[in-house]
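On the provided structure of chain A, position chain B as indicated by the hints.
Each protein sequence line maps, in turn, to chains A and B.
One point on numbering: in the working numbering, the residue at position 159 of the first sequence is 159, and numbering is uninterrupted.
One point on numbering: in the working numbering, the residue at position 108 of the second sequence is 108, and numbering is uninterrupted.
Take these hints with a grain of salt, some might be off.
To be verified - Computed footprint of chain A on chain B; a stretch qualifies when at least three of its residues, placed anywhere within it, have a C-beta under 8 Å from a C-beta of chain A:
1) 47–59
2) 73–85
3) 90–97
4) 106–120
5) 178–192
6) 200–206
Rather than coming from a laboratory, the hints here were simulated on the basis of the structure.
Note that beta-carbon positions come from the ideal geometry of N, C-alpha and C, so glycine has one too.
2 protein chains.
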Amino acid sequence: MAEETKHVPNVVIHRLPRYYRHLSDLLAQGTTKISSTELSVRMGVTASQIRQDFNFFGGFGQQGYGYNIEHLQNEIAEILRLKDGNSVIVVGAGNLGRALANHPGFERRGFKITALFDKSPEVVGTVINGMTVMDMSNLEEYIKNNRVDIAVLTLPKSGVQEAAGRLVDSGVKALLNFSYAELNLPENIAVENVHLSDPLMTLSYKLREMETEGK
Amino acid sequence: MAEETKHVPNVVIHRLPRYYRHLSDLLAQGTTKISSTELSVRMGVTASQIRQDFNFFGGFGQQGYGYNIEHLQNEIAEILRLKDGNSVIVVGAGNLGRALANHPGFERRGFKITALFDKSPEVVGTVINGMTVMDMSNLEEYIKNNRVDIAVLTLPKSGVQEAAGRLVDSGVKALLNFSYAELNLPENIAVENVHLSDPLMTLSYKLREMETEGK
Numbered sequence: 001m002a003e004e005t006k007h008v009p010n011v012v013i014h015r016l017p018r019y020y021r022h023l024s025d026l027l028a029q030g031t032t033k034i035s036s037t038e039l040s041v042r043m044g045v046t047a048s049q050i051r052q053d054f055n056f057f058g059g060f061g062q063q064g065y066g067y068n069i070e071h072l073q074n075e076i077a078e079i080l081r082l083k084d085g086n087s088v089i090v091v092g093a094g095n096l097g098r099a100l101a102n103h104p105g106f107e108r109r110g111f112k113i114t115a116l117f118d119k120s121p122e123v124v125g126t127v128i129n130g131m132t133v134m135d136m137s138n139l140e141e142y143i144k145n146n147r148v149d150i151a152v153l154t155l156p157k158s159g160v161q162e163a164a165g166r167l168v169d170s171g172v173k174a175l176l177n178f179s180y181a182e183l184n185l186p187e188n189i190a191v192e193n194v195h196l197s198d199p200l201m202t203l204s205y206k207l208r209e210m211e212t213e214g215k
Numbered sequence: 001m002a003e004e005t006k007h008v009p010n011v012v013i014h015r016l017p018r019y020y021r022h023l024s025d026l027l028a029q030g031t032t033k034i035s036s037t038e039l040s041v042r043m044g045v046t047a048s049q050i051r052q053d054f055n056f057f058g059g060f061g062q063q064g065y066g067y068n069i070e071h072l073q074n075e076i077a078e079i080l081r082l083k084d085g086n087s088v089i090v091v092g093a094g095n096l097g098r099a100l101a102n103h104p105g106f107e108r109r110g111f112k113i114t115a116l117f118d119k120s121p122e123v124v125g126t127v128i129n130g131m132t133v134m135d136m137s138n139l140e141e142y143i144k145n146n147r148v149d150i151a152v153l154t155l156p157k158s159g160v161q162e163a164a165g166r167l168v169d170s171g172v173k174a175l176l177n178f179s180y181a182e183l184n185l186p187e188n189i190a191v192e193n194v195h196l197s198d199p200l201m202t203l204s205y206k207l208r209e210m211e212t213e214g215k
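Extracted from the complex, chain A is given alone in its bound form (with noise of 0.2 Å):
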């Protein structure tokens, strides 16, 4: 059983829905067992990191074989709560947005998006994934009287801190931000920032490293 812990190192938290999707891969290709050195090599960390890891949520008994994959997805899964399901706004109907909104990849994991909010008379009213667009005006009423779990922040940079502002003020205690702004929000809101350059940057540094070694 997962057991509940405290100080799990944000480092370790990043990487739990790294294991849940490559035990979910491994999974759909109908391999059963798997050893934490066979892990490790799929994963690109050490075996005894992946060890480390479990062991802040009880060690998942590893036994001489090594792990029971479906096991641990599903006890993986229990401490990502993915199965109490997450009810997600997105706030910003622009092209990022509505590319979100038909992500098919969200809903497979119990992430729902209930409704999108724009603040442009063109967007407002707009179907998008069979959710007509909202205006911004209506996000405090919308979230008064609907369950949000998490606000996905798709807007310029220039409007993200007050939006941010507004959903906090309402109740909304998790924020995934997709615009490049720092956001200044109290101590107990979760933020995660997505940086889209930083795939490039390594791409950047990969192809002039292969280019060096003659491949």
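Coordinates of chain B only, in the frame set by chain A:
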């Protein structure tokens, strides 16, 4: 000076863009020096990890009072080869492709989106951020006649393997894959996969952790 070094672990390579971003933010705030301890708090890694990471590239000569941020940012930009610039094409001009073509953070770091491709007759010929979307049938000819460093894959999962194969056959060596499909590619191709549901899963965890702690 950053030295050319081999066998830099993948995790270190993936931290380089994060260092670059944090240093850019510090510079924008007018900060000029930082200790490895202060940088480690911002980054959420240990100070000794930072020193180990930097040692792969010659160490960047930290002095008693810490790192000179501008110097350090320049060294990392050089390692990431950001100053050479990167010519990027977007394959799949749906919502996500359009969002990326309009992303303000890319060009600032030297990633210039130079062309977009799609196979849908309704999308081909439309103009996105000053670029006319080209038909997929022109992909090979475009790559033959233009510099393409990186291709961004924003197609539906069903079409991504075929498109990736055509890109690689045409000589593209670096792919940024947004579709949730594992690509089967030669070893000498650099691929980065973006998983947009990872940060949602992290928020799901943090949300329940806060509830448990009564925040």
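Against the structure, the hints come out as follows:
As drawn, the stretch 47–59 of chain B meets chain A at 0 residues by the rule of a beta-carbon pair under 8 Å; below three, the given contact is violated. Requiring three or more residues with a Cβ within less than 8 Å of a Cβ of chain A, the coverage given for the stretch 73–85 of chain B holds, as 5 such residues are present. Counting residues of the stretch 90–97 of chain B whose CB falls under 8 Å from any CB of chain A gives 3; the rule of at least 3 is met. Only residues whose beta carbon comes within less than 8 Å of a beta carbon in chain A count, and the stretch 106–120 of chain B has 4; three or more means the coverage holds.
Proximity of the stretch 178–192 of chain B to chain A, defined as three or more residues with a beta carbon under 8 Å from a beta carbon of that chain, is established by the 5 residues found. For the stretch 200–206 of chain B, the proposed coverage by chain A is satisfied: 7 residues have a C-beta within less than 8 Å of a C-beta in that chain, meeting the threshold of three.
When the structure is compared with the earlier hints, a violation turns up for hint 1 alone.
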